[in-house]
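Chain B: place on chain A using the hints.
Below, each chain spelled out in residue letters.
2 protein chains.
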Amino acid sequence: MKKILLATALLLAAMTARSQDYTIPVTNINQHGYPHIMPDLSLQFVMRAPDANLVQVDICGVKYDLSKDEKGVWTGSTAPQVPGFHYYSIVIDGVSVADPASESFYGCSRMMSAIDIPEAGCEDFEVKDVPHGQVRELRYYSKVTNSWRPVFVYTPASYESGKKTYPVIYIHHGGGEDHRGWVEQGRTANIMDNLIAAGKAKEAIVVSVNSNVPGRGGYSKEGMSAYASELTENIIPFIEKTFRCKKDAKNRAMCGLSMGGGQSFYIGLPRPEVFRNIGIFSSGIFGGIQGQSIDLEKEVPGMLSNTQGFNKGLDVFYISCGEQDPRISHTKKYTDQMKAAGVKVYFNSFPGDHEWQVWRKSFHEFVQKIF
Amino acid sequence: MKKILLATALLLAAMTARSQDYTIPVTNINQHGYPHIMPDLSLQFVMRAPDANLVQVDICGVKYDLSKDEKGVWTGSTAPQVPGFHYYSIVIDGVSVADPASESFYGCSRMMSAIDIPEAGCEDFEVKDVPHGQVRELRYYSKVTNSWRPVFVYTPASYESGKKTYPVIYIHHGGGEDHRGWVEQGRTANIMDNLIAAGKAKEAIVVSVNSNVPGRGGYSKEGMSAYASELTENIIPFIEKTFRCKKDAKNRAMCGLSMGGGQSFYIGLPRPEVFRNIGIFSSGIFGGIQGQSIDLEKEVPGMLSNTQGFNKGLDVFYISCGEQDPRISHTKKYTDQMKAAGVKVYFNSFPGDHEWQVWRKSFHEFVQKIF
Chain A
2 MKKILLATAL LLAAMTARSQ DYTIPVTNIN QHGYPHIMPD LSLQFVMRAP
52 DANLVQVDIC GVKYDLSKDE KGVWTGSTAP QVPGFHYYSI VIDGVSVADP
102 ASESFYGCSR MMSAIDIPEA GCEDFEVKDV PHGQVRELRY YSKVTNSWRP
152 VFVYTPASYE SGKKTYPVIY IHHGGGEDHR GWVEQGRTAN IMDNLIAAGK
202 AKEAIVVSVN SNVPGRGGYS KEGMSAYASE LTENIIPFIE KTFRCKKDAK
252 NRAMCGLSMG GGQSFYIGLP RPEVFRNIGI FSSGIFGGIQ GQSIDLEKEV
302 PGMLSNTQGF NKGLDVFYIS CGEQDPRISH TKKYTDQMKA AGVKVYFNSF
352 PGDHEWQVWR KSFHEFVQKI F
Chain B
2 MKKILLATAL LLAAMTARSQ DYTIPVTNIN QHGYPHIMPD LSLQFVMRAP
52 DANLVQVDIC GVKYDLSKDE KGVWTGSTAP QVPGFHYYSI VIDGVSVADP
102 ASESFYGCSR MMSAIDIPEA GCEDFEVKDV PHGQVRELRY YSKVTNSWRP
152 VFVYTPASYE SGKKTYPVIY IHHGGGEDHR GWVEQGRTAN IMDNLIAAGK
202 AKEAIVVSVN SNVPGRGGYS KEGMSAYASE LTENIIPFIE KTFRCKKDAK
252 NRAMCGLSMG GGQSFYIGLP RPEVFRNIGI FSSGIFGGIQ GQSIDLEKEV
302 PGMLSNTQGF NKGLDVFYIS CGEQDPRISH TKKYTDQMKA AGVKVYFNSF
352 PGDHEWQVWR KSFHEFVQKI F
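Listed in order, the protein sequences are those of chains A and B.
Number 372 marks the last residue of the first sequence (the numbering used here); no jumps.
Number 372 marks the last residue of the second sequence (the numbering used here); no jumps.
For reference, chain A alone in the conformation it holds in the complex (with noise of 0.2 Å):
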């Protein structure tokens, strides 16, 4: 083992000599070189794979062939991507796997390699030299599902020595992710700690919920209505129960991705008295890639047929889509639907397909307006 390790290294470090002006992504493991990113923000990749007859890397929908060499080290580049973070597999043979080089990452329903892309003026992403929060993994006992399941807390940085109480964000990851999605790939902690510092945000408790409800049928509407019970009946409680919370509708926020933003929209909206703060990120519900219409008022009942009602049990309504989503079409014509019946809903978009880092966006800009 330790010799193909050095050999690897060895290798790896005589084809580095050849690359100039790259990044090496945080997401890579120590001692790996690659990928690297090039200054075009394309992505080099080095495998050895002797006996193998195909390697491809799979990045943002496109497959990428690599080329082998006598030696049998694969080597490829794909096309420049974009900035943020993208899941991405290498297919050796046909079959989509983790790179080893990388990080992995629960999405996709499985664990994926992942690269993430600096951005400018992104900085609020990264770990800096602020007061930092405590992110915390605890056990709830679920009468949904009938077992522990754990969930992440973050704790804002006063929270450990301090007396106050704080208002709680309930967030939501999307299909095929769970609670690890938002505290890994999201940089929640980083995201609350820099707004924190500088005055933007509110503190907060931040709870990271695997909002998977297994064998209650997913993404339908009695998946919803237990993850309903479970989120009302059985989180919340417990959250409650265990750290200094406000504990009023004002002080308590439920926003999400894909999925959890469906889910936001579907049990957060139709209940005021428990959330006066909703984010949708993303979502689906609009009609998304599949173009199906939906009835906003019978969804959420009053939204259109009592306006006033709806907004008054609302301090900030948020939405928000990539601009290369496909899901923003019919977004925006919702959106608008709203806006015309007088219904108070602020939206925005960002550069970016359906991915995370339209998503810390969202989540960013989403905290600098609620509480």
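Just to be clear, a hint being listed does not mean it is correct.
All copies of an identical chain are treated as equivalent in the list; a pair is satisfied when it fits inside any one copy or across any two copies.
BS3-like, lysine-lysine: derived pairs with alpha carbons at most 27 Å apart [said to hold, decoys possible]:
no.	residue 1	residue 2
1	K144	K129
2	K165	K242
3	K251	K299
4	K247	K164
Just so you know, the hints here were simulated from the structure itself, not pulled from any lab data.
Coordinates of chain B only, in the frame set by chain A:
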């Protein structure tokens, strides 16, 4: 993507029907039916890879070839395994990667798949219906590496709402692992929760550090000295500033596995003014697989020449090793040498090789002896 997942799910469901009496390990990712643990503790694997020439499973140092059927599905079984947590890889045409069906764990210097085979009598490693502590991720600034570094801190169930101060265990991973090891592979929180609830261990804070010091020589004299500064000048002051700790040597323990056991020997033992409780699990320092010999008195001056003084400096000196670990013969030899000289050392061994089940059992025993 969804179509492939569905096809795979149907395929796996069909194959599942053929097997009987298997267990799905907790380390499998939700929807994946394989690997299976069979009643004789052999493992059954199924993987779709029509274009591959050879698919193997590499577990505990042995490679098993799978067989391909006419549809391109590879199946096969391993020999019966011992219970416990085993890293493994799938080898696709010679490339060793993590199994997409498994959760990933940082080990062997990359993200590895792993299988956890339950063992009767080891229920303390599981989540039980007892008061649960929290595992917190924090960042401290290291003046050794000049960077922010992560650390995991377990606090017992009573910590959150109480005012007590607690003793602290500084626990160390092995080579090719990091601070995640004891939290994820080691199940430290479950072990602490269950032993505390049963009144078998004192309530304590457990600090799981990253004891790799990049660029400072790894497991060399220089690396050891760099990590000694990291621990005593950076980590301990940070922990004692942040948490309600008892701040004397009697209430500090240092322990670790393999490389971390070596660090506990070379850094912990000579500092009785810092740590009066030392645990060394499966360390290679006693000669290990290479069979070098060491001079105990030279490594820890006074251990043999001033045994009484050495003994007075410690409350608990614990050494353990796996019974099938090549390191055991030297570990026993040197422990016998210590005992013959009058050193108060407790030694125990557990069935198993150089692996996590031995380390979980070692920690489980060590923690019942200290404080």
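Hint-by-hint comparison with the structure:
| no. | hint | in the structure |
| --- | --- | --- |
| 1 | K144 <-> K129 | between (40 Å within a copy, 15 Å between copies) |
| 2 | K165 <-> K242 | both (15 Å within a copy, 20 Å between copies) |
| 3 | K251 <-> K299 | within (25 Å within a copy, 66 Å between copies) |
| 4 | K247 <-> K164 | both (12 Å within a copy, 22 Å between copies) |
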